[in-house]
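Undergrad: Using the sequences and the accompanying hints, generate a full structural model.
Basically the working numbering = 1-based index in the sequence shown + 52.
No wet-lab data here; the hints were simulated from the structure. One or more of the hints may lead you astray.
[As the list claims (entries may be wrong)] DSSO-like cross-link-like pairs, simulated, lysine-lysine; straight-line CA separation at most 27 Å:
| # | residue 1 | residue 2 |
| --- | --- | --- |
| 1 | Lys503 | Lys572 |
| 2 | Lys469 | Lys572 |
| 3 | Lys572 | Lys590 |
| 4 | Lys462 | Lys572 |
| 5 | Lys595 | Lys572 |
| 6 | Lys462 | Lys119 |
| 7 | Lys503 | Lys370 |
Nothing here was measured: the structure is a model prediction, and the numbers come from that model.
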Amino acid sequence: MSTPATIRALIEARAAQYPDRPFLLAAPDEGAGEGAGSGSAGATLTFGALLERCRALEIRFRDAGLKPGDVVSVLMGNGIQTATLLLGAMYSGLIAHPLNLLCQASQLAYVVEHSDTRMIFASAQTSDALATALAALRARGVTREIALVRTQPDAVALPALLALEAAAADAPAGSTASTASTRADAGHRSDPARSECDGADIALLMYTSGTTGAPKGVLLSHENLHANARNISLEHRLGPDDRVLASLPLYHINGLVVTLLAPLWHAGSVVLTQRFSARTFWRDAASYGCTWINVVPTIVAYLLNGDEPRGLDLSALKFCRSASAALPADHHRAFEARFGIGVIETMGMTETAAPVFSNPYDVSRRRIGSIGLPSGSEARVIDRDGRECGPNECGEIVLRGNQIMRGYYKRREDTAKAFTSDGWLRTGDLGYRDDEGYFYINGRSKELIIKGGENIAPREIDEALLRHPGVLDAAAVGVPDPAYGQEIVAFVVPREAHWPGAPDPAELRAHCLRELGRYKTPREFRFVSELPRGPSGKVQRLKLVAPAPG
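TA: Okay, structure coming up:
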């Protein structure tokens, strides 16, 4: 199957092949409050209608004064309008920039300023926070014009756009005009007369969660996105009759590439829910006849802790895909045993346009606890000196392939540090490959616990705690210790039935002694209602031990 290498060409190809085939379907949002939108729940957008809306948006973007390579941001929950705006921006040669709904006010202001965005789409639920961020920028002397467009994730009509003033030649530092050379170096288009983009042009700007500093803007080209949409489709043997339940946010790389762009590549369809809900998840999968679901380990934990999907026909479901963070082996087994749905574990990151590893589609070849085999990329494990490790030797996982980002926006030093001298992307993940080429992750290099000179992977402790029936979620971290350098503290989310009185710390300590031995047993257990996680579901361990602000 020959496929085009840009999002624009892909949208046009699907509209020509399947003009009347459904592409986007809006699931009802029972949790939406008053003013949540115009009520397009149950609405369907075909491939043909998608192309019409993208063409209409291209005209509106151009009439508003936007040029190829300009950044357009979207701060809204999932919905047909949200998906259309992101796809329409990429179709029009603009750079789509989904804003994280979980951003704190200061972080939102930083990202809005740093991204050089010229237009932001916001909903009734987000426009106040955005207006506050824009006011903060004006107070700091940022004068660049940014259009704020109000619409809703489930709106039926495309929003009207007012004309923007032309960017001033003497724009202040940090503005679009002053960073033209940086943008060109990163792959932005510099010729506003061009009406169409090519595969090397930047299609997506997405910021990382910034757990150890200011968020970094990852630049992904049309080729990057197209490569992974293709890889996902082929790895999972997906075709036009397949339908995915998209409950992950489109402002995260997993939700955007896996559940939106991959179905665009294989001409499948997408059921959009505004948010994940354990109460409605199985109902939506059954009522829409979904053939696959895409989750993160946090969702697996909530589904295991939720009600049985009684009376629902889930026979169409072929597999559950887990991504973004390592899935605890016990949760993997429990999910398959309870729901009768096979799990395909994968792994990726924003810098790789989502997955770069996947377990095989064939059940017999999957490895529980493994992120799988390289998917459309090359991978290896290296030691601190850059030498390749042998099988079962732990080191840092590095990657090379068509999915790898162009770099970080306006962060040349960080971009250089992200790659080895011979061009491999450093993931920061510690792991190993076995004799058969399957890869395993032990943890993040920055999160490694070094106790008395011995390296301890936090994940090993997490998984031991998760085997305790009173533990819903857990994360181990290292804290300073005068004797050992670091000691282990475990943050534990109890199952609801046990909160707040049990499990007893002494009980957890005895459990860990049996599972891990004395050296790896946490010194202290701290009970919390939830763990800080990024939109991918990865635990942000460093936030657990970060000093309180102020």
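Undergrad: If a hint holds in the structure, say so; if it does not, say that too.
TA: Status of each hint after checking the structure:
no.: 1; hint: Lys503 to Lys572; verdict: 9 Å, holds
no.: 2; hint: Lys469 to Lys572; verdict: 32 Å, violated
no.: 3; hint: Lys572 to Lys590; verdict: 22 Å, holds
no.: 4; hint: Lys462 to Lys572; verdict: 41 Å, violated
no.: 5; hint: Lys595 to Lys572; verdict: 21 Å, holds
no.: 6; hint: Lys462 to Lys119; verdict: 19 Å, holds
no.: 7; hint: Lys503 to Lys370; verdict: 44 Å, violated
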